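Chain by chain, the residues run as shown.
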Amino acid sequence: MEIHKMGVLYSFFVIVIFLLFVIIGIEGLGWYSLFSVIIPYAAVVTFIAGLIFRVLKWGISPVPFHIPTTSGQQNSLPWIKPNNIDSPFTTRGVITRMALEVLFFRSLFWNERVELRRAYELLFKRNLYLWFGGLAFHWAFLITLLRHLRFFTEPVPSFVILVQGLDGILQSIAPTLYISNIFIFGALIYLFLRRVVYPQIRYISLPSDYLALFILLGVVLSGILIRFFYKVDLVKVKEWVMGMLSFNPTPLRGIGLLFYIHLFFVSFLIAYFPFSKMIHMAGFFLSPTRNLSNNSRNHRHINPWDKPVKVHTYEEYESEFREVMKEVGLPVEKE
Amino acid sequence: MKLTEAGSRQGEHYQIDYTPPERGWLEPKVEFRKGTYCYPASLKHQKYLELPNPREWQIGVEDWKLPENWKEIILEGMKDRLRRYRSFKLFLDICVRCGACADKCHYFIGSGDPKNMPVLRAELLRSVYRRYFTLSGKILGRLAGARELTEDVLKEWFYYFYQCTECRRCSVFCPYGIDTCEITMMARELLNLVGCSINWIVEPASNSFRTGNHLGVLPHAFKTTMDFAVDEVKEITGIKVEPTINRKGAEILFISPSADYFASPHWYTFLGYLILFHEIGLDYTWSTYASEGGNFGFFHSMELAKRLNAKIYAEAKRLRVKWILGGECGHMWRVIHQYMDTFNGPADFLEEPVSPITGTNFDNARSTKMVHICEFTADLIKNNKLKLDPSRNDHWKVTFHDSCNTSRSMGLIEEPRYILNEVCNYFYEMPENTIRERTFCCGSGSGLGSDENIETRLRGGFPRANAVKYVKDQFGVNLVTCICAIDRATLPTLFEYWVPGMEVSGLHELVGNAIVMKGEKEGRTDLRGKTFNSLTHPSPHQGRGMGEGEGNDHVR
Chain D
15 MEIHKMGVLY SFFVIVIFLL FVIIGIEGLG WYSLFSVIIP YAAVVTFIAG
65 LIFRVLKWGI SPVPFHIPTT SGQQNSLPWI KPNNIDSPFT TRGVITRMAL
115 EVLFFRSLFW NERVELRRAY ELLFKRNLYL WFGGLAFHWA FLITLLRHLR
165 FFTEPVPSFV ILVQGLDGIL QSIAPTLYIS NIFIFGALIY LFLRRVVYPQ
215 IRYISLPSDY LALFILLGVV LSGILIRFFY KVDLVKVKEW VMGMLSFNPT
265 PLRGIGLLFY IHLFFVSFLI AYFPFSKMIH MAGFFLSPTR NLSNNSRNHR
315 HINPWDKPVK VHTYEEYESE FREVMKEVGL PVEKE
Chain S
8 MKLTEAGSRQ GEHYQIDYTP PERGWLEPKV EFRKGTYCYP ASLKHQKYLE
58 LPNPREWQIG VEDWKLPENW KEIILEGMKD RLRRYRSFKL FLDICVRCGA
108 CADKCHYFIG SGDPKNMPVL RAELLRSVYR RYFTLSGKIL GRLAGARELT
158 EDVLKEWFYY FYQCTECRRC SVFCPYGIDT CEITMMAREL LNLVGCSINW
208 IVEPASNSFR TGNHLGVLPH AFKTTMDFAV DEVKEITGIK VEPTINRKGA
258 EILFISPSAD YFASPHWYTF LGYLILFHEI GLDYTWSTYA SEGGNFGFFH
308 SMELAKRLNA KIYAEAKRLR VKWILGGECG HMWRVIHQYM DTFNGPADFL
358 EEPVSPITGT NFDNARSTKM VHICEFTADL IKNNKLKLDP SRNDHWKVTF
408 HDSCNTSRSM GLIEEPRYIL NEVCNYFYEM PENTIRERTF CCGSGSGLGS
458 DENIETRLRG GFPRANAVKY VKDQFGVNLV TCICAIDRAT LPTLFEYWVP
508 GMEVSGLHEL VGNAIVMKGE KEGRTDLRGK TFNSLTHPSP HQGRGMGEGE
558 GNDHVR
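If you're matching them up, the sequences are chains D and S in order. In terms of our numbering, the first sequence is residues 15 to 349. In terms of our numbering, the second sequence is residues 8 to 563.
Derived from the structure by calculation, the hints contain no laboratory data. Owing to the predicted nature of the structure, the values given are computational and were not obtained by experimental measurement. Keep in mind that a hint or two might mislead.
The following residues of chain D were derived to be distant from chain S, with all beta-carbon distances above 10 Å [to be verified]:
1. V30
2. S75
3. K95
4. R164
5. F206
6. Y217
7. L231
8. L235
9. L283
10. S301
11. R311
12. V338
In silico lysine-lysine, DSS-like type, Cα no more than 27 Å apart, as pairs [what the hints assert, rightly or not]:
13. K86(S) <-> K95(D)
14. K36(S) <-> K51(S)
15. K394(S) <-> K241(S)
16. K348(D) <-> K329(S)
17. K324(D) <-> K247(S)
18. K321(D) <-> K86(S)
19. K392(S) <-> K525(S)
20. K72(S) <-> K247(S)
21. K329(S) <-> K324(D)
22. K525(S) <-> K241(S)
Idealized CB from N, CA, C, for every residue including glycine.
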């Protein structure tokens, strides 16, 4: 079987197993402590340890050469306007470049699609779908996370309430509907569909690509379902969270099955995060093509593992060619 | 479809199928068809450079005569590089396979081969990394996108990593800046560890190590060539220029790619340099020991790059010059801008570069002490130090091809455009998706400009040629100007196939044409020997527009 078909199938299979695990665990065996205390704690520990491990693992490898990708005019002559964002020469420029990338996906914003219109004619079209899909997902994810902070804080900080208020601005039309609900779900569906529809993207997709999407979809769908159809006792949930946070946990009982499913998917997501491609979130900050300034002729970059190499010296060169050099009157060191 | 077949020319029957095969990519399979790959390095040059596991071997046959423990060597080599290069480790880990890079690669656009998508090119290596260096790959195998390192995988590496010109276009579009060039460099280093390198890279590197330049020009031949050029300038302008070679105590050491003084159409750029330096009375010298700005070692391994690059500072020190000026070349400038100071610095025996003509302090080159000739000339023109007659280039309708390295690894974008606008009247930009940081490679960079892989080159050069054809059809462009010696060597072949009739030049050829020399003779010709007054003058300012106004204001 081809790898991408295998990917969809196996990832789906994993989701089904997870669902069965929670259903049997909660409904059949009543493993409340496992699902509401042990697994969440383990997941958070794995997340933190994994993140530190990954970042340190990258960090211990040095950056031997100064290799920013320059996407704009360098800083050279005073009357030529340099581009301090795409070809940054100051730390401020680097920070701006990184910030625009992290917050607005600047590189993807310039994405274009190449088409062979007819034989021997290429067409370049600005393509914003991936940029928009990616941005929508990540921002909606962030806003959802921020909204969730209300379960983790007492009193709830005003910015969380503000975010929640703004996100819920549509609630006058559709009660309990957050804008981020629509965007995160729509974006995930788009990100999945492009993997199965576009032949090239399908070709490069691995099972782990689908697994990440399915897990996220699991989290989002269970979360939305809880809000819309199977409401849970939020006061109880918050009590449980605060207990967890003060390391005085009490297993959460008597709350809808769907909540345990949501919780399990979230736990898996954060535990899997550092060991999956989702670690790009942390990795980006270390990317030497983006986080270095374009000033390598102005400022010397040191290679920590630099070692002497065998060179061909001028003396060796002259001793091989001295006679012919003298013949044509080129100056030599030794007559 | 074979590109080389007559009749497919100009795309009458040229279709590229971008649909990937049904069969997945994890099974390595490469068909080494003649015209798509470069030949192995000759034993002589492998030995001269003392490269690992030197041997005679052939690509077309099953047995590549790999050393007994080749697998161990590669895996050890990977481990070592993962330890030494954060870029390598990071770029193997953080790709999310979003596919934004896919249609940014000129080889993919020209061939439709899915393994030419940068993401998949990297996956060829990544899959082996997963199998031997990650837990999930060790446990889950194929399911984690991991695969065994086999001879077939190695052959696939050889095919595809010598089908990447390290142009970095994909890294502009990647949201994390993943740079396939880094991956390709590492893959080539690994291949070289088991003696799988190509002659088109190793021979020039070996020549450069011994004779000071890629072409193997010996010192007396260099002198003869220089004398010949001096005669030619005299014939054209009536003025005897007096360049010096290996002269101690000159203020500036000038280094250009060796093709400039030995190949065509580079030769006219060489004449342009000589005219320019004479006209401003520059106190400079050429060197035979460091008679190469380019660095084919860079396409082989960082170690070899450093070995070749060492000559530049060594010679500057021996000749006791104040600073170094560098000619028109692409990858040469990547090495100088991003690597030289780290490789062989600090250049504390040199002075911070100051133009002796204008007094401009090149602060951007304060540490490396090497200035790009476009920076130098643009400064001269800005300060009115040159008498220029742009109408002397009126027989050319010019477009400018940014070379990959100067645009994406240096940001030298507006300097050449400023010069072009001053030395010619008809300058037209190609579509913006194909210039500046988004420029397309000539398809022959990074040591792949051989005749052996002509089909791959023509395919890889297709996007560039396509944009050139566009300005030819739109504006009647008849000259592609560039600041890269590999471009000058390989674009003529590319255009002969895709855009017949298109000429190629260096920027300083046009500068040389436009300079009105003090005391030059009546009826001076251009550097190609055509008399100015016999040339057709299209009506002035007709559509000059595209080059103007976009200039310095351009921010992406």
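To test your reading of the hints: which numbers does this structure violate? 2, 3, 6, 10, 11, 12, 13, 14, 17, 20
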